Amino acid sequence: MKIDLDLIVKLENLARLELTEDERKVLQKDLQEMIGMVSKLEELDLADVEPLRHVTEVTNVLREDKVEGQLSQEKVFLNAPDREGSYFRVPKVIDRKEE
Amino acid sequence: MQSHIYEPVIGLEVHIQLLTQSKAFCGDDISFGAEANSQTSTISLAHPGTLPRANKKQVELAIRLGIALGCEITSTTYFDRKHYFYADLPKGFQTTQDSRPICMGGTIEVGEGTSRREIRIHHIHMEEDAGKSIHDQSSEGSLIDYNRAGVPLLELVTEPDLRSSEEVYQFINKLRQLVRYLDVSDGNMEEGSLRADCNVSIRPKGSSELNTRCEIKNINSARFAARAVDFEIRRQSEILEKGGTIIQETREYSPGDDRTVPLRGKEEAHDYRYFPEPDLPPLSISDEMLRKVKSSLPILPAQWHNKFTTEFGLSIYDADLLVEHREIAQSFDTLLQKSPDIQPSLLSKLYINKIIPHCNESGISIGEFEVPGQHIVSFLELIETDKISTSVAYQKLWPALLETKEHPQLLAQKLNLIQSFDEDYIAESVKLVLIENPAKVEAYKKGKKALLSFFIGQVMRKTNGKANPQITRKILQSELNSSTD
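Protein chains in written order, with my numbering: chain A, 1 to 99; chain B, 1 to 485.
Since the hints were derived computationally from the structure, they do not count as laboratory data. Don't take each hint at face value.
Claimed, not checked - Here are the simulated DSS-like cross-link-like pairs (lysine-lysine), alpha carbons at most 30 Å apart as the crow flies:
| id | chain 1 | residue 1 | chain 2 | residue 2 |
| --- | --- | --- | --- | --- |
| 1 | B | LYS57 | A | LYS92 |
| 2 | B | LYS217 | A | LYS92 |
| 3 | B | LYS57 | B | LYS82 |
| 4 | B | LYS132 | A | LYS10 |
| 5 | B | LYS91 | A | LYS66 |
| 6 | A | LYS25 | B | LYS82 |
Quick caveat: nothing in here was measured; it's all calculated off a predicted structure.
Using the sequences and the hints given, assemble the complete structure.
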């Protein structure tokens, strides 16, 4: 798989990052090497092998349906950059276009 | 509202909020209407280093709905992460199921008789809700309440099998009825416990192609869903008739002006980068768990409906009303089992016309209805054995029964309501009525035969409704006709 600059820019957008041209070049090279290493797997016939989704073999870790562990109102906002009353406040996130 | 040239192709995605106490992956309370951000924790606020744990009840309820809908339950099921950036999603991803949803397949039937159709369910998966954004209360930004973040949901996805707004309406109502029967969800659409996204496209009638669709998001009423679909069919037909093309987009329905409008910001192709949620280990659903859930299922609406129409001979309309709520169907059936002599249709009429409306008006459940079952039975026996006429029973005895809860037989005697077959007694009242209404008698004799019901009504009034109507009619006719000679 060829890692080109378009892909780097796409990944930037998805991760909401803004890189400089130099950073992009470094990342492009690193990523190319990583993908190259993982591509080794393509040499094997894995048609009948289930993907490994979890490395532990633990299953069914469930909790009972009980109310517990809620934060108090003052703790909720300790790390909030901005609030209004009992709400978190963020920059406006929606606008509608009219037909 | 159907076009003559086009037919709609509709698929639904319905979000169902589960009847749990706590959230999907942590112990926050999920009660509706609490103060903003008072039901949150380090897990729902996505603080680093926290570890989610799945709610057992959520899994059980998913299986419960799946079994009731005839789905196949996936033996090993996983959670996945669905990534996108939005302020009401603090983790930057939604915990959901992508590659192995807990339920596959299943159906819901819509329509009656020849228009009955099976709508196929593609799958049902477990996921969590996002927080709530409020955009119009602050001039400086959007306000976020994370109480809803992490609330357990099921998302039911249908195949594009629906063909009209009426079917959409029925589908949503049937699903709501079922989740209430099963105690899977309160089904309260006004509070958002059931929300539907409708995917609508149109195509020339008879064609089998699938065209560009629009998705109308987050509709919180079955009626609005039907209207939104009607509007979309109209809008898309007009575009095609003018030679235009449909753009794939997300829209929302605005009930105020009954139209759908585009929502911006969701139109670029999404790349959710689903991947396995490493913090939540797989769930393995044992046969024993399936058996346990299966044996705990109540009798379902379709089963009641079938019993009421075939075994009890009720009309489809009556059966529809009786099976609407589980408690009503159950109580109706119990009463009939206890008193097999009662005519089911008489009891059904009493439920539909009196008992259900009374419970609704007083805001009580059928289980809290004050009149004991054996009184209801003897009330109906009085009607069945002609001791009291149906109209007197409904108009006079029933209100008295509601008020006093006394035995209907005694009550009817006390109120002097027992029907009289005594011809002498009735004849006396007939005579009085004729004497009191000479003008009407004259008119009757001149050919205004319709006045007979007026005279019957007057006799009823005089006898406090006790006169047997058939005998009254016979005596009246003979009196009026004989005096003509």
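Hints versus structure:
no. : hint                    : verdict
1   : LYS57(B) with LYS92(A)  : 36 Å, violated
2   : LYS217(B) with LYS92(A) : 20 Å, holds
3   : LYS57(B) with LYS82(B)  : 23 Å, holds
4   : LYS132(B) with LYS10(A) : 29 Å, holds
5   : LYS91(B) with LYS66(A)  : 23 Å, holds
6   : LYS25(A) with LYS82(B)  : 29 Å, holds
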